[in-house]
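Hints are included, so try docking the two chains, each in its own frame, into the full complex.
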Amino acid sequence: MNGQPIEILLVEDQPDDVRLAMHAFRTFDIADRVHVLQDGAEAIAFLLCTPPYEHRATHEPPRLVLLDLHLPKVDGLEVLRCLKSDPRTQRIPIVVLTSSRQESDLLESYRLGANSYIVKPVDFEVFLSVVRELGRYWLVRNELPCDSSDLRQQSRSLPKELS
Amino acid sequence: MSSRTSEVEQRVCCDAAFMAFDQAAWLADDEGRVVSVYGAFEQIWEHPLSELLEDPNAIAGWVHPDDRAIIERRGDEPSKEVRLIAKDGATRWISLRSVDIRDPRLPGLARLTVARDISAAKAGQLRMHAEQEAADQALRASKKHLAAATRLARLGSWSRDLRTGVSEWSDQQREILGFKTDEPIGLQEFLDRVVAEDRQHVLDVMNKSERDGHRFSLAYRLLVDGAMRHVSEVGAVDFDDVGTPARIYGISQDVTEQVRAAEALRTSEERFRITANVTNDALWDWDLTRDHISWSVGFHNLFHYTPEEVDASLSFWSDRIHPDDREEVLASLRDAIEHEGLQWRKEYRFRRADGEFVFVEDRGNVIRDEDGKVVRMVGGISDITRRKREEIDIRRTNEELELRVRERTANMESALRELDAFSYSVSHDLRAPLRAIDGFSRMLHQEHAAELAPEALEYIDLIRAGARRMGQLIDDLLAFSRLGRQPLATDQVDMGAIAQRTVDELRHEAPDRKIEVTIGPLPDCIGDGSALKQVWVNLLSNALKYSRPRDVARIEIDAVSDDPAAPGLVVYRVRDNGVGFDERYAHKLFLVFQRLHPASEFEGTGVGLAIVHRIVDRHGGRVWGRSRPDGGSEFGFTIGKTSGQELTRRIT
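Respectively, the protein sequence lines represent chains A and D.
The opening residue of the first sequence carries number 1 in our numbering; numbering runs sequentially from there.
The opening residue of the second sequence carries number 1 in our numbering; numbering runs sequentially from there.
Bound-form chain D, shown alone (with noise of 0.2 Å):
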């Protein structure tokens, strides 16, 4: 064979491997003029051949224009991959490849590019790609999703190595155990703050599932911070190729509150059990939607109804109610249903099993659902009978009572009246004979004296002063009896004036009396003014009576606020030189008709103190008398409770 034949072989054989394996091969000289091309290099390129030969960086116009640089770049890169926008649109992945040969041909170094398609490679890893990133994201997705929902449901998660021991903890089963984020802890730590009686048991079943591989579930109490917990917690094992137990993990859940609400509820129900048969109450649960009343065990025992006597409507409880009462009290329970009330109370009779009516309250709450719509009352009735026995026998007594006190005021009014018709008749009737006595007593001693004795007519005399001291006594009885029902006024009183216009008055009517009198200061006091009055005539005319035997009558009226009798109050006194009065009949002093002297030394009636006293208790005050040591006599009286320092004003 010639160098000829062979070089052409040569170049046949190359161009059928090349086209073999869709490839294309290029030589260039080094000055990059392509001296010869084997392969499909127009099926890779879609480009003419004879724009590379005319053209030596014709393959970088080709190109996708963001790999254009790849291909302009020269240098010792072995391969390179660019992108070629094929004409169909689609985008071609075509890999380069370059060597460097000797070719004794041409001179100095030829570079050998091989071409070839590997744009369904590349597919295959772009897809791979996308499949594997969208699988990162759904997991890390599914990862928050989960963290979302185990910290919504207080679930926590944990799991143990069982090889290394070592523990894993989420940081909600952190919460959960109350351990902080970053406090270490292994199974020594969490088996701690499980109280002492559970520990044993969750010990003993983590250890079962280890052995036998089964799931477990278990609930069990923790003690944080003093406070306990309830948890409730689901696992399984994980086990190796060979079947050997390799991680337990669990989720847990705190389920405190559902525990607490389920106890409260177990203990109100219990209550309400306990409650309804300890009760006397009938206990009653009326569902409206099914006219449904359930009733407790205090119903029978009120009512006398057995249980099966009783049924559930509401018509076998509406019918035993009074017929007097039923229409208000189906009524008012229409009333509270169908306005806005919550609550029911109505008394009423209701009829027991024998027949007997008893006053009975019944209470019930209205139970709405979200519409407003009431569905279910809860209440109770309870027997008033006794109470209601109790009331109407207060209200007969209270009657019985009031009509009692109507007949003794109306007795009281007549005797009230009568005595008014007695002192009337007194004043008047009885005062006419004692004027026939005395008128003509006086016209015998005129016009018959000459022909009576000396002493018949002294005892005319006597008849006449009898008629005058039992005129004078009727006057002063019915002054008395006066004091007693007449209101009294309320005006500031002048004390000093009425004081020094009654001693002026007196000493008017005694001109041929020595009588010297000192005034102090008296302060005013509230009452009655012409009552006040009385009272000083009175004690002023005793003091000027009894001191008739002294030839100079001496009386001191002052006022005091430290006198021992009423300590811190006005004391208003008189006192005289007189001839006092025997202490050992002290007490007879302000009473009626009662006398110290006998009436040949000082005449009166015994009224005069009494007017005093009686006054003076109508004013609220006290009045007193003592003996003076030296003879003569000392009257005190309070007038309410003018205190002493109004006295202190008005000297200062």
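Looking at chain A on its own, in the form it has when it is part of the complex (with noise of 0.2 Å):
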């Protein structure tokens, strides 16, 4: 933590695709706003503040969550039902960012609470305008309930890259 509030919360496991995302991420100059977990379990307990993520307050939750399904331990599915079943967590925006197109990853995800589907482009240029949308978005054109009107004010200074 550099001091900086987290608001993105990538949950991936690949490596290459980690790079890639921080790459678009420093692109648009919020990449210092980034902390990425690489599996389910610690996604988790990242956001009920559960060891070793205790020191954490709960109501500083990020403004989003980019999470892949398809990771160790916990998969993204499981991440996602429990997030969205506990009343700290469920008001946290979680975007699905995945390989898979598949049908019934959808159906699920939507199901269990999923804020948005994105399908990763192979094409790593419109993977560059994904992220610029995403962050538009969800951090600049989302409102969110009041208890998180400290972030709020944050959104105003974002990067111009992204506005």
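The set of hints was computed from the structure by calculation and includes no laboratory data.
Accuracy of the hints is not assured; some may be wrong.
[Stated by the list, open to error] Have a look at the derived ranges for each label pair, beta carbon to beta carbon:
#, chain 1, residue 1, chain 2, residue 2, range
1, A, V36, D, G640, 51 to 57 Å
2, A, E133, D, R469, 23 to 29 Å
3, A, P145, D, K588, 56 to 62 Å
[Stated by the list, open to error] Short derived list, chain A residues pointing at chain D, Cβ under 8 Å:
#, residue
4, D16
5, D17
6, R26
7, Q38
8, V95
9, F127
Every residue gets a Cβ at the ideal spot worked out from N, C-alpha and C, and that includes glycine.
Structure follows, in structure tokens:
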């Protein structure tokens, strides 16, 4: 943690995908507000502030979770189920970002309360535009309940690349 | 002797004579006054003579009132009979005879009347009359009874006077012979009715009886209106006083029904005997009143018991039923007997003489007496071991088959699950490295362009193009494999609207192209809207792709019902002015990954038309492609059995 509040939590286990995503975040100058976790169990612990993340405060949730489905230990659907059924975390926007076009994954994700579902494009140019749109929409346009007003304050000071 | 004396003597004589014969006589003058009386006057009349002397008409007062008129009738009647009610209440008959005489002592004609008691004679006469009457009545009654009896018994009677040859036939006899009541018939007419084979016999028997006078009995057949009648007859001959045969007569009966019944019985008995011998079944007849079962020869054949071994009791049979079946068999038999059942049927195992059990089917009919009590059962046992074995075999085969089907289904299900997992892995894992290839190539190109030779930069572009094409291939392949399993909707689909929307989208994606599209009236069809949309997308994007070399792409969309490829059905068509294809390879058009153009000319993965084919096929339709003489191509497809009539309606 570098003192900046976490705005995006990326849950992704593929190092290549993490690097590509971080490159995209850097492109839009938001990489320092992104935190990366590599498996589902860690993601749940982080968001519910359980060990090893007990020092975190639940009232400082990220503005967006980008969640892969194919994850070690606890898979993405299980993470969804867990977070969306817990009152402390159910309002956090979760966007599924996955390689799967499987109809069953889509249906199950939405059933469990995913806020959006995006298939990772093979074309990197397309991926870049996806990341820009995500940032623009979830970090700028989207309104969240008032208890995260401080986050909203910060959203106005987003880098110009996103606006 | 003086005349006086002689008169007295004469009178005494007369008196005595009348007295002796119980008669009375009196002489009356021409005025009716009685002048002399002789004989037993008072015995006969039971009245004093003085009454008559005082009143010449007194007699009329003495007789029965009904006969008074007879007495009072005067005239020449020489004799009269009158009744007299005697003092003892009996009726007596008196005969009166009168004769006119001349008496020299009297003027005019005198009348002498003689009275006689004829009661005794009269009684005899009356008795005879009554007896005669009774005899006549009895005769009439007996004739009536006889007629009724003969009618009831269908007894006919006939007789023939042997001297005159005249025959008489009773009505019933005529009926038996088939003659009308008034038809004149003689011996010849009768013989004509007898069937030819019996005629001589009839004559022989009758002739013999005429000769020796013995009674005869005989049976013969008649042919009446083409139908055969059987007659049984008995007869005899009457002789005259000198012993000459005078009359032959007979009584006959129509026994056709009895003969037929007997024949039928004989036939059915014969049939039963033959059946029992021929059939392999063990037929049985159980007399419940004495617990006796008779078995046909089939029982010995089926179960190999010798006739000596078999005893006729029920227990002989029931002891040989398989112990596991016995209770149930006996219970069902009891049930059939105790309840109103008529038929009984049961399958069970029965022990043969060699100790082995065979499967049998046993069926019986219940016979009851008038009170409904079962007195007898008749039935048969068949060996159904073979059938049973076959049933068991079939059941086992079915079970094995079912098991195999279950195994196959399980295998198939697991194969499908594996396929799903495979697709998932393809879609998920195969794309990840492609993303890395494309992403890092792009970064290399962007961030290190200055350090790379122009050729290296070109290679990087080629690497990225390859990665993108592979991504497309993976997506198409997944779409194609999904199509085979996805269930299809059956909605009313507006094909015209879908085609129009598809054209609009394609125009939007290629804003720089000059495209002319005409869309004719397209009838609706029944199918899955989103799958059919895919058909239009693939066909129309192909049309657009392969007409790229033309300045203006011309695409015609229509529907016809007179296409030779599917006469009478609606054919949706897409025609373009593109490069067409080599018809020699038309059979490869709809195969997956098969392409008829090099990728350098026209990009593509070879999946589009395979998808079209699969969707149309799953809608029960057909799809085909033709190259047009002017170079373009034409694709047509049908959906199910949508008939041309709908198209005509739509267009008009």
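For each hint, the structure was consulted:
1. A/V36 x D/G640: 51 to 57 Å: The hint (51 to 57 Å, Cβ to Cβ) holds, given that A/V36 and D/G640 are roughly 53 Å apart.
2. A/E133 x D/R469: 23 to 29 Å: holds (25 Å)
3. A/P145 x D/K588: 56 to 62 Å: holds (60 Å)
4. D16: holds (4 Å)
5. D17: It holds, given that the least Cβ distance between A/D17 and chain D is near 7 Å, below 8 Å.
6. R26: Violated, because the Cβ-Cβ distance from A/R26 to chain D comes to roughly 11 Å (cut-off 8 Å).
7. Q38: violated (15 Å)
8. V95: violated (17 Å)
9. F127: holds (7 Å)
When each numbered hint is compared with the structure, violations occur for hints 6, 7 and 8.
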